[in-house]
Amino acid sequence: MTALLEVKEITKKFSGVTALSNVNLRLEGGKVTALIGENGAGKSTLLKIMSGIYTDFEGQILFKGQEIKFSRPKDAQEMGIGIIHQELNLIPYLTVAQNIFLGRELVNAFGFLEREKMINKTKALLNRLKLEVEPTALVGTLKVGQQQIVEIAKALLTESEVVFMDEPTSAIGESEVEVLFEIINKLKAEGKAIVYISHKLDELFALADDFVVLRDGKVVGQGGVSEISRSQLINMMAGREVKVVKKSTKNCTEEKVLEVKNLGLLNPENPQRPLLKDISFDLCKGEVLGVYGLMGAGRTELCESLFGLNHRKLTGSILLNGQKTGFKSPIEAIDAGMALVPEDRKKDGIVAGMSVSKNLSLTVIEKVSKFGFLSDALHTKLYDKHVASLKIKVHNEDQAIKNLSGGNQQKVILGKWIERNPTVLMLDEPTRGIDINAKNEIYELIARLSASGISILVISSEIPEILAISDRILVMSEGEITAEFSSEEATETNIMNACIPENMNQ
Amino acid sequence: MISLKKNFNIAQFQSLIALFVLCLALALLTDNFMSTDNFWNVMRQISVNVCISVGMTLVVLTAGIDLSVGSILAFCGAVTAGLLKNGLSIPSLNLFIGFTVLGAIVAGFLIGGGLGFVNGYAVTKFKVPPFVATLAMLTMARGFTMLWTKGHPITGLGGSFGFLGTGWFLGIPMPVWISGLVVITAVILTSKTRFGRYIYAIGGNENASRLSGIPINKVKIWVYSIAGLLAAVGGVLVTARLDSAQPNAGISYELDAIAAVVIGGTSLSGGRGTIWGTVLGAIIIGVLNNGLILMNVSPFWQQVIKGMVILLAVIIDKSNQKSE
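Those sequence lines, one after another, are chains A and B.
The letter at position 158 of the first sequence is residue 158 when you use this note's numbering, and the numbering goes up by one with no holes.
The letter at position 282 of the second sequence is residue 282 when you use this note's numbering, and the numbering goes up by one with no holes.
Isolated chain B, as found in the complex (with noise of 0.2 Å):
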């Protein structure tokens, strides 16, 4: 109870009444919100950003930013997709690899925190600010996507495969199952480990921590490495739903997931903010994305009201710090 109390801060709170008030509006604005197949339908369509999100929630606590995300999911999922189709095949030394699933996936995961970590070994050990290095990777990843697809989607995927992206447990999605393992596995991480303790000593005072001793650049290029294994998790999850892998999928995704991380009061100036933040900012991305469309608003008027509404998140996150 009183550790609840603890992370349970004014920003949240706020963050919760917008919800409900949203839901509520909803619920009466239109006919189908309030049915369990659209709530399912939400709780699924969100669950690529929450993945991605947490993720980026861990970098901006460390002060940083990651805008990799859309295409390291983009190429992941390729990679995944292709190597599940046709396997590896390496002519010049006469030797094909075939995947199972599980290989496959966890082909791309590796994929996936690999270029995460590279853009950590970039930002920490060359000194490149966070959002050059990652605006290289977003490009770069992009390319590698455009290279190994040809530019064709990857479709035709197999039945276990797409059960990751359609499937149910329990009466449960299992994109929902998959999102809210990461999420608990990220809130008990933050806040209970000496690994999370870290990440907000660092993006509350960098110097600060590096003359306690805490060892800056490993926490860092961590950080980026499981921001980018979280993106395959997402590239996984979206390839798995479609069946297909698409060479541009995933594109602007990042801003979904920044969105997220700053309307659920995560401070882009870093050391402050929490994953459940970032799960409310997804829902409430999630929902107005869903209410706007079942209320058959021009998807133009959308990302307009969507647009303000991460200004008017970030401008009440201000007032309340100045009311601190």
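Okay, chain A solo, but in the shape it has when bound (with noise of 0.2 Å):
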């Protein structure tokens, strides 16, 4: 058989740093093929080479044995090569149809877009993707995992029969994780190739072929995934031994930091579904609570509202070390001990373009400075500090950071939050699009944390990593917490089943 596309002695070099060298690649019609490797490895890079992005590269790629070249995006599509980024990118104010068709518009004869055409092979493709939203729904006011599969929609429309897809689940839910199986599933039968790329070993054990694994730009694995075991996997991409740290001790104490008592958060949009709805729960000293749910189940909104975003919707009570709090901004939540690392790291964790150490001295900048001047000296004992601790992977402290790895950006954001000692620390998905070793450290730093007597909040929408981290787990749903399980109880079915819906449930 021959291969759909063939990859062979790929190098490609950023200003003398080598991202990938002699990567060869074989994907087969009807196989579905999962690509992986750390944070780093080089798979957005050939990512970016496939899709036309990245033009200058050494080797070849072939399609159905002729080779082909690209010099933009636009090429690789009408090849046939769809990609599917792990970013959106939708264009908000403007329609389903509209998002789909953007670039490659129906027009008649006059030049006019012809409107009614478009409208309706978007309903057909919807129809198959199976999602329930109008054409001419606006995406912005879409769900972030209704948004996934109109970017998947418009993968499919140029019928593409190389498919990549660079971490699709990595913003939707479970039900949705389905929908999309299906779909691949589907396009399989077709006799499409599908290149999956994935963090989620699970996913890829229930879904793929075949697998290549990727590590500091070199191909160092690839075969069937029959023939390989979940841990040789892993010691493949981290290129050690590698084992998830489960939680052994317990911090929790009897003394209540935190007491949420029937908060309640309003819909300024549809008044008849808050966004939380009599939500309490008690946080102990050194106690890790975890909190898990599905996309839009309010655990964002949580995390949110204790921080003093969204005071003016808020109903109910909040008691920090039994005072009653009424925080108006983030900057009183912060003075009263609260510490929140956010979802979204690059909106709103990181100042991009600043460097390491003064994206460390943001919360602590009294701390930097002498005599109302910010010291030099006074930013590079706290860097060296937190680099060391924390095991930061930096060049040095004036690096810009961006240029970090999406692990270390985030320990430099919790160790901006550390340097402050908090009382009560939020880390919303914590280790979202984090590679497996820096994944490792950060369950390490939260059980370091608690033991040092902070009681940490941490909101997961992987079942796996709330269970090995948690002493207690509540589950969340449509804006109400649904189940709370000891540490002990919880499993990943009675976790599911908590966090499903009830018109869903049916």
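Hints in this document: simulated from the structure, not taken from any laboratory.
Among the hints, erroneous ones may be present.
Derived BS3-like pairs (lysine-lysine); straight-line CA-CA distance at most 25 Å [said to hold, decoys possible]:
(1) A:K347 <-> A:K48
(2) A:K143 <-> A:K346
(3) A:K393 <-> A:K200
(4) A:K218 <-> A:K13
(5) A:K48 <-> A:K381
(6) B:K192 <-> A:K328
(7) A:K347 <-> B:K150
(8) A:K370 <-> B:K218
(9) A:K370 <-> B:K192
(10) A:K402 <-> B:K192
(11) B:K318 <-> A:K402
Keep in mind it's a predicted model, so treat the numbers as computed, not measured.
Both chains are given apart, each in its own frame, so use the hints to dock them into the complex.
Here you go:
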């Protein structure tokens, strides 16, 4: 069987640094190939070469045995290579149909748009993907998970023969994942080649036929998924033995640090359906409380509400160390001892163009000032301390944070809060898009911090993660707490059961 | 030495080279460019633009823009001139207040800072986009100027006031002293203080700054107030130099200030740029203006050339960013 797409000896360098070296890849029709590797292993670079974004590289790409060359992304599209990027590339103010046809609108002989035709085609496409939204709905009004499906529809419009998917499930809930898997299996049956990039090994084992492991720009292993075990894969990715740390010690004391009573958050767009409803829970000193829920369950809203955002729309009460609080802004919440590591690192966490040491000192600027002026020496001291204790991989303190890997960026964000020694640390998806080694380091850090007496609220949409790090687990669904488990009684099944909204359980 | 290296980037190095080449060319092409007289002439001319460009840099670093500086400059210059010459009389209260030079200047500064405060307040509390808020102020402040001057210049302000615009101290013109002081203060403010760090952080990522506990609104209101204050400083300098407050002073000065900021490598999307870069930008514009006049280039062509220089500067800056 000839390969549909073949990559031969591709090498790509960035100003002297080798990102990919002699990569070979063979994709056959009707097969799903899992492309895995830690962050920085070269997956994105390979993807950008395949999609025609990077055009200067050494090596060959063969499509059905013919060598092809792209000079721009559109060439790859027209050739039949579809890419679903990790980040959503949709325009919120345009409709679903307009987004799907963006750049390849159907026009009639006079150059006018054929609106009806595009809407009908979109409708058919959405039906195929089981997405129940109108083609004329604005993309900005859709949920993130639905937007992800629209992104997929975009890639399917051109009838691509090879489809690359870069972590397509990072933003969607379990039920949408199922639909996505169905679609992938359908595409596979139609004889298309699919490359699936994900950090979630469970998904790969459920889905893929073949695997390719990249490490430091090189292919370090490939073969059939059925012939390899999970731990072998992890070892291949990391290049050493790695185990997921399981929390062993329990630091929880009886001392209540945070008490949330009947917290509610109004939904200005739909008063019938509040974003948070009657949320009550306690958080003890040194406890790690995990909060699990699907997208839109209200997890992020809960964190934000505790952090002084949305204060005008809140009902109920929040007590910190027995004192009633009414934070009107993050400034007040921070002063009282709250800290928040937000979900979207790029949008809400880092100041991308600023150096690592400046990002580290953002929350503790008084600690790097002397007589009212900023001191370089104190910046260095702060930087040295956290780089050592958090094992941040960085060249020097002036390196812009955007040039660090996701895991190292997250450690910087954690560092800036640890330096404040908060009473309550809230972590919203602390390991999203982070490779397994950095994940484990962050789990260890969470355990260490809770042992030192910090109370920690962790939000996660990965059940194994929640199970590994929490002393106690809350499950949220549609703005309400639907279940609470101690770490002993929690299992994947009972957590999943508690988080599915009722109307979907039927 | 280390901090000098840190604060010096490619963009500024390129600007310096561009300035050097420009000066070299003008020295060869004209007779008068290299004279001491012309040097101080250029420096004095750019000092007004330097003052308002410094304020503009702070605003642009927060990802904002201030279109009102030209009008604020005119109004504050007129207020200072009017108070100095006529004092303030309120007939209904049967009240007359006379103003010393210092008093009149302070009053002008307060008004400039106050109008800047209004800009900042509109931008932060009412979430008016900076472009719109300061466009409204541009129109209003020009209207205030017309009301205050009744459309006529205010002239004959006295020698001690005029000294600020035309005098010399220790061999250096007064406007250069004043703009130099403004620059040094702003450099320290932006690179050495918490306030400066917050300006960069807000421009770099406002969400992340808010979640880090940075008082966004307070910082922005201060920044717009400072921009207004520095426009007032420019107004005093212009008025003192001409010994006259013109009702249509400062028209399109905001554009020269934005040009200086942009040529100096400050990103209009915020978070990136330096005061030194802006100063270089202002000097390049000033030298270019001066050189084109010395070479008898028609004023119409001067505008075309200036526009091209701005465009070129931004294109070079963009390609620098790409190669980073």
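Status of each hint after checking the structure:
1. Restraint check for A:K347 and A:K48: satisfied, since their Cα atoms lie roughly 22 Å apart, inside the 25 Å limit.
2. For the hint linking A:K143 to A:K346, the alpha-carbon distance of about 19 Å falls within 25 Å, and the restraint holds.
3. At most 25 Å may separate the alpha-carbon atoms for a hinted pair to count; A:K393 and A:K200 meet this at roughly 23 Å.
4. Distance check on the hinted pair: A:K218 and A:K13 sit about 13 Å apart at the alpha-carbon level, within 25 Å; holds.
5. With a C-alpha separation of about 39 Å, the suggested pairing of A:K48 with A:K381 is violated against the 25 Å cut-off.
6. At roughly 30 Å between alpha-carbon atoms, B:K192 and A:K328 are farther apart than 25 Å, so this suggested pair is violated.
7. For the hint pairing A:K347 with B:K150, the CA-to-CA distance comes to about 50 Å; that exceeds 25 Å, so the pair is violated.
8. For the hint linking A:K370 to B:K218, the alpha-carbon distance of about 22 Å falls within 25 Å, and the restraint holds.
9. Between A:K370 and B:K192, the direct Cα distance comes to roughly 10 Å. Compliance with the 25 Å bound is thereby established for this hinted pair.
10. Taking the CA atoms of A:K402 and B:K192, the gap is about 23 Å. The hint holds against a cut of 25 Å.
11. Straight-line distance between C-alpha atoms of B:K318 and A:K402 comes to about 18 Å, which keeps the hinted pair within the 25 Å bound.
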